[in-house]
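Student: Chains as they are written, first to last, in the numbering used here: chain A, 1 to 332; chain B, 1 to 399; chain C, 1 to 341.
No lab work stands behind these hints, which were simulated from the structure alone.
Please read these numbers as outputs of a predicted model, since none were measured by experiment.
Treat the hints with care, as some may be off.
Claimed, not checked - Cβ pair distances, simulated, as ranges: (1) A/Tyr-132 to C/Ser-173: 33 to 43 Å; (2) A/Leu-289 to B/Pro-112: 26 to 36 Å; (3) C/Pro-79 to B/Arg-59: 37 to 47 Å.
Claimed, not checked - The calculated lysine-lysine pairs, modelled on BS3-like cross-linking and capped at a C-alpha distance of 25 Å, are: (4) B/Lys-100 to B/Lys-127; (5) A/Lys-193 to A/Lys-181; (6) A/Lys-224 to B/Lys-282; (7) C/Lys-15 to A/Lys-223; (8) A/Lys-243 to C/Lys-142; (9) C/Lys-39 to A/Lys-224.
Even for Gly, the Cβ is constructed at its ideal location relative to N, Cα and C.
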Amino acid sequence: MLVYIIRRLLMLIPILLLVSFIAFFVIELPPGDWVTTYVSQLRASGIELSSQEAQRLSQLYGLDQPSYIRYFKWIEGIVLRGDFGWSFQWGKPVGEVIAERLPITLTISLLALVFSWLVAIPIGIYSATHQYSLVDYLATFIGFIGLATPGFLLAMILAWAANQYFGFSALGLYSTEFLDKPWSMAKAIDMLKHLILPLIIIGMASAGSTIRVLRGNLLDELKKQYVVTARAKGLSEMQLLFKYPVRLALNPVFSTIGWLLPAIFAGEVLISIVLSVPSIGPLLLRSTLAQDMYLTGSIVLILSALTIVGSLISDIYLAWADPRIRYGGLSK
Amino acid sequence: MSTHLSERTEGGVTGSTPFIDEAEDRSIGTVDERLEAADERFYYANPWKLIMWRFRRHRLAMISLVVLALLYLGAVFAEFISPYTATWRAEGFQMMPPTKIHVFHEGSLHRPFVYALEKTLDQETFKYVFTEDTSTPYPILFFTQGVEYKMWGQWPMSIHLFGTGEDAPAIMLFGSDELGRDIFSRTIYGSRISLSIGLFGVLISFMIGIAIGGISGYFGGTTDEVIQRMIDVIISIPLIPFWMALSAALPRTWTSTQTFLAITLILAAVTWTGLARVVRGKLLALREEDYALAAQVAGASKARIIFRHLMPGFTSHLIVSVTLAIPVAILGETALSFLGLGIQPPAVSWGVLLKDAQDLVAVAQQPWRLIPAIFVIGTVLLFNFVGDGLRDAADPYSA
Amino acid sequence: MENANNVLVDIQDLKVQFFLHEGTVHALEGVSFQIQQGKTLGVIGESGSGKSVTAQAIMGIIPSPPGKVVDGRVLLNLPENGASVRVVNVTELPPSGSEIRSIRGKEVSMIFQEPMTSFSPVHTLGNQIMEAVRIHYPEVSKREARERAIEMMRRVGIPRPEERIDAYPFQFSGGMRQRAMIAMSLVCNPRLVIADEPTTALDVTIEAQILELLKDLQAEFGMSIMYISHDLTVVGGVADDVVVMYLGLVMEQASTNELFDNPLHPYTEALWRSIPTIDGDLDRLTPIRGALPSPFAVHQGCPFFSRCEKRIPGVCDVSRPPMVEVRPQHWVRCFLYTESK
Chain A
1 MLVYIIRRLL MLIPILLLVS FIAFFVIELP PGDWVTTYVS QLRASGIELS SQEAQRLSQL
61 YGLDQPSYIR YFKWIEGIVL RGDFGWSFQW GKPVGEVIAE RLPITLTISL LALVFSWLVA
121 IPIGIYSATH QYSLVDYLAT FIGFIGLATP GFLLAMILAW AANQYFGFSA LGLYSTEFLD
181 KPWSMAKAID MLKHLILPLI IIGMASAGST IRVLRGNLLD ELKKQYVVTA RAKGLSEMQL
241 LFKYPVRLAL NPVFSTIGWL LPAIFAGEVL ISIVLSVPSI GPLLLRSTLA QDMYLTGSIV
301 LILSALTIVG SLISDIYLAW ADPRIRYGGL SK
Chain B
1 MSTHLSERTE GGVTGSTPFI DEAEDRSIGT VDERLEAADE RFYYANPWKL IMWRFRRHRL
61 AMISLVVLAL LYLGAVFAEF ISPYTATWRA EGFQMMPPTK IHVFHEGSLH RPFVYALEKT
121 LDQETFKYVF TEDTSTPYPI LFFTQGVEYK MWGQWPMSIH LFGTGEDAPA IMLFGSDELG
181 RDIFSRTIYG SRISLSIGLF GVLISFMIGI AIGGISGYFG GTTDEVIQRM IDVIISIPLI
241 PFWMALSAAL PRTWTSTQTF LAITLILAAV TWTGLARVVR GKLLALREED YALAAQVAGA
301 SKARIIFRHL MPGFTSHLIV SVTLAIPVAI LGETALSFLG LGIQPPAVSW GVLLKDAQDL
361 VAVAQQPWRL IPAIFVIGTV LLFNFVGDGL RDAADPYSA
Chain C
1 MENANNVLVD IQDLKVQFFL HEGTVHALEG VSFQIQQGKT LGVIGESGSG KSVTAQAIMG
61 IIPSPPGKVV DGRVLLNLPE NGASVRVVNV TELPPSGSEI RSIRGKEVSM IFQEPMTSFS
121 PVHTLGNQIM EAVRIHYPEV SKREARERAI EMMRRVGIPR PEERIDAYPF QFSGGMRQRA
181 MIAMSLVCNP RLVIADEPTT ALDVTIEAQI LELLKDLQAE FGMSIMYISH DLTVVGGVAD
241 DVVVMYLGLV MEQASTNELF DNPLHPYTEA LWRSIPTIDG DLDRLTPIRG ALPSPFAVHQ
301 GCPFFSRCEK RIPGVCDVSR PPMVEVRPQH WVRCFLYTES K
């Protein structure tokens, strides 16, 4: 088991390097760079920058160097000093900019994941054990709607509904009156209220797919011979259900965190933009538009790295939960 | 309808026949002998016929397929079907609610017609209010002359499927936006980009997927390992941020055609991984089957085994994967355009229409602005129904 | 049959139907037979004959829906401390109620066909065997349950049971897994073990070992065995009495020796002819002609009519033949014998 984990951890290194490479060069694709964008912005507001000044800016930010050198400098900074580069747009280190917002993204994403499980697991189990019941149809229907409705649309509609029917402005993370206040009970409650909407929206999308996966798996497992064996032993239906088929049907659910996380992060980014939650989402949108390359690259890198860690955790869980994988992994 | 909804989801689990267990089949008499004449049609039908039979059993999937076909037909003949063009403006009729279609005029039955609308300013709320002037009915005309357009960008024409003709009030089935443009026409025009971007994007990703998945499954070993790790990496990159970064790279100066092609490529760049995995997984699994071994023993080449013997074994699965990948691409386009990173106005797509409706206050007052969303959700659902129906049908020899 | 006091299971006119989308399957159309205490009853028949459904009915585990017992009784005579006998009709008990659950695994247990899939792959064998003990004897400590499991595993011939008890099913060979299955079915010392084609999935050499083991265990523990198989020779080796089933009906019933010496029903004879023997002429194997009728078919007369070589048109396809005792303790359901009588 330990060998397995260490091997997986070592494999992380090349994968992360590859991801950083992709992230960096995708950001490099746009013609022009931060300085050209900046110069045209200034021009739009009536300030003309001479080409010497622009060149000086490029030198200052190191943008005149070839991209592979900048890539290595960027990686060197990250690995050696934990320095993700400089955000031109914010005028401070990328690390600082992200640090302010990453916790919010992480909190929302993880809570949304937990929320989706809390919703999906009981419904999925009920759906499979009460096939063709009203709840089953309803769950299937909601699952499909969750699958088909773009999250940003749901966010728009729900935010509008919250305002219309509850007089509650769902935008942002706090109500305006708490913006400058220090932390207090009231502020925390206010923040929780604002978190509900993004949680529901992001969570529902993944809950929909989780219900479908779980229901399908459980229906498959319920047909297996070992269920009949357990029943023939005299086990009650409830004990039987949770000890055997549910446990086996849940494995694929937990082991696909690696696929679920990108979807959740993506949903978080989009929905935060719609609901103006000060998380990574709006930051990413603005930085991509402004070609604030180190910021954009670092965000893509960090989100990908988190996903990879997530799938690592789910693989380890799977190895722990399924002896066939655990022993197979050791013997190899 | 609802029965079919659920029958489809768990992949033909229904109707277990508990006592006809396969293992007992080794008993007396061979399978051939046990066939009844009536069953022979079933046993000897080729797999594609079986897939068709099974698919037709899924009424929901069949209906979805028909509706999708209609949607695509509408996209192809958008200019003709919409009463106006995507950019035509009804002067003075901005933010007009959907036109009501009447059949009763002064108490008597009449062919479908509309009334003219009058715009008045509500003195208390300072909002424009539209009221119907019920004095004259304007019948809805079919194959009527209207706004000029160029069919498929080539031939100037002015005939429309329906309209109200000259000097009559405009018919705007989905209302108008703040520029007075007909949202119905814009939705139909928008379907052209939104529906084709999904199709083309998946087509490209399909080709990449088959090629790379095929290489992976064909060579196996180190090649396979390297490709699989690559795919792992690409899958782990959150889709939307990746798309955002990629599409931000598109120069604003590009024409809408260039942007369209680029967005298609961007969507394909990420979605091919799923298909590649299906191809590879199936290849690796089928490679172990006895009939692959038999072909090998018979001296067939590796390529021949893959394309002649193995590929047909999972073409149906590929079609299912493609069907389920299209809605993902459609949602991707919508999201990108909504963020302003995808299709740029004046080109119209469903995402662009939803971006127009981004303002919550505007939506509160003009809820019809969200009608294009119904098209997005509907299309995605339809593709999923078809895909699920196909998935059930794709395994023709299961119970 | 021989002695009413020794009857453990008494199945009376059992009718089971499966209500499927495609139609109703008459799985059992009035099955009656008895299982004697301490004896082995072989049940033989091809696919769809209803032998497995009969077993499921005894356990009360007919999958429902779509299956349903529409008529008949399955009586278990369970001796209670000393002389008194508790008679339970399984078909009347709610299928997941506590009473039937206290019978399953404890009074009646089952050995399944597929040792590969009959165990949960993610629990140790020990866990699954001990569970059987702990369900029916909650007062037994975990440690004691473990010891009983180890003891039983040793008894069925699993080497080093104190180590193997913590192994997972996939770490066992097919034959060992089937031994573990037998250990699990015997760990509560049941009165009846239903073996549903326990050796079909195994190699022939392993099959012989398992059959030998079952006989030894029966001699030691004295339980009854209901041995289901499609293989006449296997049944002949283990059973005291044999029941031949075809499409939900018992066609012939006799002691093993009697049945093998004097097969009376045309179906039984046909079965005999389709078996290869070591010294026999392989060219002369005759398969049963025709195909098994559709499971949805309803038979007014003898269900074997369509394939029978001795059929009497106008008689056999009109009404169902009754079960008659043609020779002592030898019952046959065929008009060939009702008329001679």
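Student: All the hints need checking, so say for each whether the structure fits it.
Tutor: Now the hints, each set against the structure:
1. Our hint of 33 to 43 Å for A/Tyr-132 and C/Ser-173 holds, since their Cβ atoms are close to 41 Å apart.
2. Checked against the hint of 26 to 36 Å, the C-beta distance between A/Leu-289 and B/Pro-112 comes to roughly 47 Å, which is inconsistent with it.
3. A C-beta distance of roughly 57 Å is found between C/Pro-79 and B/Arg-59, which places it outside the suggested range of 37 to 47 Å.
4. Pair hint B/Lys-100 plus B/Lys-127 holds up; C-alpha atoms about 20 Å apart against a cutoff of 25 Å.
5. Using a Cα cut-off of 25 Å, the hinted pair A/Lys-193 and A/Lys-181 holds, with the two alpha carbons roughly 17 Å apart.
6. For the given pair, A/Lys-224 sits about 23 Å from B/Lys-282 by alpha-carbon distance, which is consistent with the 25 Å threshold.
7. Straight-line distance between C-alpha atoms of C/Lys-15 and A/Lys-223 comes to about 24 Å, which keeps the hinted pair within the 25 Å bound.
8. Proposed proximity of A/Lys-243 and C/Lys-142 is supported: the alpha carbons are some 17 Å apart, at most 25 Å.
9. With a CA separation close to 31 Å, the supplied pair C/Lys-39 and A/Lys-224 exceeds the 25 Å bound.
Of the hints listed earlier, those the structure fails to meet are numbers 2, 3, 9, in rising order.
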